[in-house]
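Based on the sequences and whatever the hints tell you, model everything.
Chains as they are written, first to last, in our numbering: chain A, 1 to 288; chain B, 1 to 288.
These aren't lab readings, by the way, just hints derived from the structure by calculation.
Treat the hints with care, as some may be off.
Where chains are identical, the list cannot tell them apart; a pair therefore holds if satisfied intra-copy or between any two copies.
[What the hints assert, rightly or not] SDA-like mimics (lysine to any residue), calculated; alpha carbons at most 25 Å apart, straight line:
hint: 1; residue 1: K95; residue 2: F71
hint: 2; residue 1: K85; residue 2: L64
hint: 3; residue 1: K102; residue 2: S131
hint: 4; residue 1: K102; residue 2: L64
hint: 5; residue 1: K261; residue 2: D282
Next come the chains, spelled out residue by residue.
2 protein chains.
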Amino acid sequence: MFEITFLGTSCAVPTVQRGLSAIAVRKEGDVFLLDCGEGTQRQMMRFGVSYMRVKAIFITHLHLDHFLGAFGMIETMALNGRMEKLTIYGPPGSKATFGRPKEFVEVLEIDGRFSVDFGGFSVSAFPVKHSRDSFGFSFEEKEKRRFYEEKAKSLGLKGPMFSEIMANGKLKVGKKTIKLADVTYASPGKKIAYTGDTLPCAETFRAAKNADLLIHEATFADEKKGEAAEAKHSTASQAADIAKKAGVKKLLLTHLSGRYKDTKILLEEAKAIFENTLVAEDGMRLEV
Amino acid sequence: MFEITFLGTSCAVPTVQRGLSAIAVRKEGDVFLLDCGEGTQRQMMRFGVSYMRVKAIFITHLHLDHFLGAFGMIETMALNGRMEKLTIYGPPGSKATFGRPKEFVEVLEIDGRFSVDFGGFSVSAFPVKHSRDSFGFSFEEKEKRRFYEEKAKSLGLKGPMFSEIMANGKLKVGKKTIKLADVTYASPGKKIAYTGDTLPCAETFRAAKNADLLIHEATFADEKKGEAAEAKHSTASQAADIAKKAGVKKLLLTHLSGRYKDTKILLEEAKAIFENTLVAEDGMRLEV
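So this is what it looks like as structure tokens:
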């Protein structure tokens, strides 16, 4: 399970209601940030997500509104005596952008084949279509093996036997050998995909395939389709179209233009194509 | 008259209630910023101060919490098509810090003797005691010549004669020549001083002499006097002491440590020395 908190849901210019791009993904006490726009540390305080628990920051592309907040956050971490490593995963150019940060910070430059394993889940990058070297990121839990409880118990499994058979793949109970495969099934892990800024593109479709949640940028409504194409952004209905084709369970629209004080039009246009759509708001929290 | 809006009143780490250092000084439609911490552009939106009207940013010292927001604000100005010059006045090192900003931005490095004339008023720097090259800034309106109205009228001055005598220094009314000095007096301009981060120091005392308003940092209460000295900050009572000795009209305390959720102790300690003290809050607005 992942817990997601939207920290900033505005496009390039913030508004009173929406901060600049940042999403916190919490997993077993650790926090992973997707982008880190100006003001993110304060948004975290506001919405009760610990900046000291941030283990990694994934930066989709090197436009200022997606990373400026990392500088302020690192400074605050240092003032709080942070020693634990913080890794910033960003596009080529990230090392130059962050210069010589504090000692506990490591900056790693990624490409479209990047993937990192955090134990119970992995984070992978996928290339998107916006500025040069723009990426989306997907979080994928590993498949888990779960017991058919009734069947397992009827075959005599109990107590520590469950861990034993899990560890060894089989277990002798009385005179009979039980195979792990016979009493368990594979439970797929959860999957989230986040686009960063992008035109609608096949790479997002592939990365979001059957995801539990797709967080897609939707800077504009259809009325601004031309402007969206020009600025290499998406409309709400384009995001919905990808959500539908990729067969995702839920779509969240973010990175909204400040012109949509009322986001009804974005929601309506998306829902006409993909029903299970929500428009992100700063502070919105959901579990996947 | 100056209109002052506190945009961020926290010390190095922001809180939910307080943003990072920034103060807007409005004068005849123009906005001048004193420091520009992370999140300042959004604080301006929140408190109704136009970032497009910012003519100059005065940076007291090159600690990140006092200037990071300028990067985001410049980006937003550019997205809004800004062409008018924006001048950043900062300590030595500012040019390197800001690198190659947008074309409309000019970065000027200042010293402790710096002064710039904006027509009706001037802004001057004074060296303070914090990090290397830390400055405070004072805003001073020029003296204005005002008429003793009754006397001027009794001598026959009326209508356009007022502008004439003001322009020429004297005016013949009937057979009599009236001298400007006889019908006018010098009305002193308003004066504001802002310290930035500093230990209590003689330079602030001199710059604040008889000011209408002294905005002094007060990171700590007296209980943390040692810590204040070590980190080269001031306590509320040290700020009050300078306000009293400099004979200022009003003292505003800002740059408060996040530990003072309740600022009563700061206010009480300062008021015990200098009665006309206020603790700044984000969004607080006053006219001087």
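Violated constraints from the hint list, given by number and in increasing order: none
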